[in-house]
Amino acid sequence: AQSVTQLGSHVSVSEGALVLLRCNYSSSVPPYLFWYVQYPNQGLQLLLKYTTGATLVKGINGFEAEFKKSETSFHLTKPSAHMSDAAEYFCAVTATSGTYKYIFGTGTRLKVLA
Amino acid sequence: EAQVTQNPRYLITVTGKKLTVTCSQNMNHEYMSWYRQDPGLGLRQIYYSMNVEVTDKGDVPEGYKVSRKEKRNFPLILESPSPNQTSLYFCASSLADNQPQHFGDGTRLSIL
Numbered sequence: 001a002q003s004v005t006q007l008g009s010h011v012s013v014s015e016g017a018l019v020l021l022r023c024n025y026s027s028s029v030p031p032y033l034f035w036y037v038q039y040p041n042q043g044l045q046l047l048l049k050y051t052t053g054a055t056l057v058k059g060i061n062g063f064e065a066e067f068k069k070s071e072t073s074f075h076l077t078k079p080s081a082h083m084s085d086a087a088e089y090f091c092a093v094t095a096t097s098g099t100y101k102y103i104f105g106t107g108t109r110l111k112v113l114a
Numbered sequence: 115e116a117q118v119t120q121n122p123r124y125l126i127t128v129t130g131k132k133l134t135v136t137c138s139q140n141m142n143h144e145y146m147s148w149y150r151q152d153p154g155l156g157l158r159q160i161y162y163s164m165n166v167e168v169t170d171k172g173d174v175p176e177g178y179k180v181s182r183k184e185k186r187n188f189p190l191i192l193e194s195p196s197p198n199q200t201s202l203y204f205c206a207s208s209l210a211d212n213q214p215q216h217f218g219d220g221t222r223l224s225i226l
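Chains as they are written, first to last, in this note's numbering: chain A, 1 to 114; chain B, 115 to 226.
Just chain B, with the same shape it has in the complex (with noise of 0.2 Å):
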């Protein structure tokens, strides 16, 4: 079954407690992307990536860090969360920048 997996689908932790959500993608597509979604704002794009070792900053990229090692994942990495970061986070993978984005489950992260 084609899918975004993301883990955890669930978090609480303490402000600086550096974590990392992982998410990977059995679709074997190009595209990646990490965003939040927070009342009233929709989705904001955090970061993504176009390629193997190609990302780039989204809209509120400030306090995460991203990776792409291999085509298949794409890490999430708040290396010192605040509680300003407590939100439903969002990977989603397509086959190319005019395709639809294939969305995981989402991440819901409390940062206390």
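Chain A extracted, bound-state conformation (with noise of 0.2 Å):
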């Protein structure tokens, strides 16, 4: 069975300052793991993803993520942080191979303050 734990519904930050969404995983098998981005009445946008190989991968809008299988994390960072970043972020998890069954984290709503 998997799942996804987002800490914090609510992030606020201010402009210029660093972001750090945190999100952990539990998977029996190894994962494929997203982060994905809405904006107010739209859909969900990919930020990024871990699939294999590095485990500091880059997404867009110079978001990052770092999957540590030891901790069982995949937080999203992000150095500095701007107005246009304030949105929904969410986690997600998919088992390697075989399934399409998708867990999502319940969300983390990020507030930037000017």
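Some clues are possibly wrong.
[To be verified] Partial selection, computed: residues in chain A whose CB lies under 7 Å from chain B: (1) Leu46; (2) Tyr50; (3) Lys69; (4) Tyr102; (5) Phe104; (6) Thr106; (7) Gly107.
Please keep in mind that the hints were generated in silico from the structure rather than gathered at the bench. Using N, Cα and C, we set each Cβ at its ideal position, and we do this for glycine too.
Could you use the hints to bring the two separately framed chains together as a complex?
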């Protein structure tokens, strides 16, 4: 069975400050991990993904995440927040091969303060 | 333009009146999925399909049906809608299980 936990349903940061959104997962098989962003009244867009290979993955808009197997974590970071980063962020996990069963976290709403 | 198209975008209806939400993708993707989004619960997978005529249950399939008769379409059917199915619904598709999903713009259903 798989699960995803996103710590903090709401996170506020000042413009220019570090963004850190936390995601921990559990999976009985090696996972595929994703971060998606949702702007108001829109569908979800992919920020970045980890499937295999390099554990530090870079995504769009300056975001990156590091897969840490020992900590079962896949935290999302951005060195300097911009006002346009205000949105809801979702971490998701699916098992490697054989299934298309996706588990999403409950989301973290990021607020960027001027 | 590559896209996932859902219809309708908004629907208000009454308990027990059968409805279908259509989903169509133009990217020749094998994999498709339906989700519902509720405040504080994130997205929960209802059903998914890994190929034509191949569907399987997600985490919250009760009260829903799907079909995959052709690759591009994956309709979601509520045979007898109830108020607890009031939600925001998303269809998504991807080329493979390790590839990112492309999401539609969502369908907001209100069941009175």
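We went through each hint and held it up to the structure:
Restraint check, Leu46 of chain A versus chain B: the minimum CB separation of about 4 Å is within 7 Å; hint holds. Because the closest C-beta pair between Tyr50 of chain A and chain B is about 10 Å apart, greater than 7 Å, the hint is violated. The interface hint given for Lys69 of chain A is broken, as the beta carbon of that residue sits about 17 Å from the closest beta carbon of chain B, more than 7 Å. Of the supplied interface hints, the one on Tyr102 of chain A holds, with its beta-carbon coming within about 5 Å of a beta-carbon of chain B, less than 7 Å.
The restraint placing Phe104 of chain A at the interface with chain B holds, with a minimum CB-CB distance near 4 Å, inside the 7 Å limit. Proximity of Thr106 of chain A to chain B holds as hinted, the smallest CB-CB distance being about 4 Å (cut-off 7 Å). Using the Cβ-Cβ criterion of 7 Å, the hint placing Gly107 of chain A at the interface with chain B is satisfied: the shortest such distance is roughly 5 Å.
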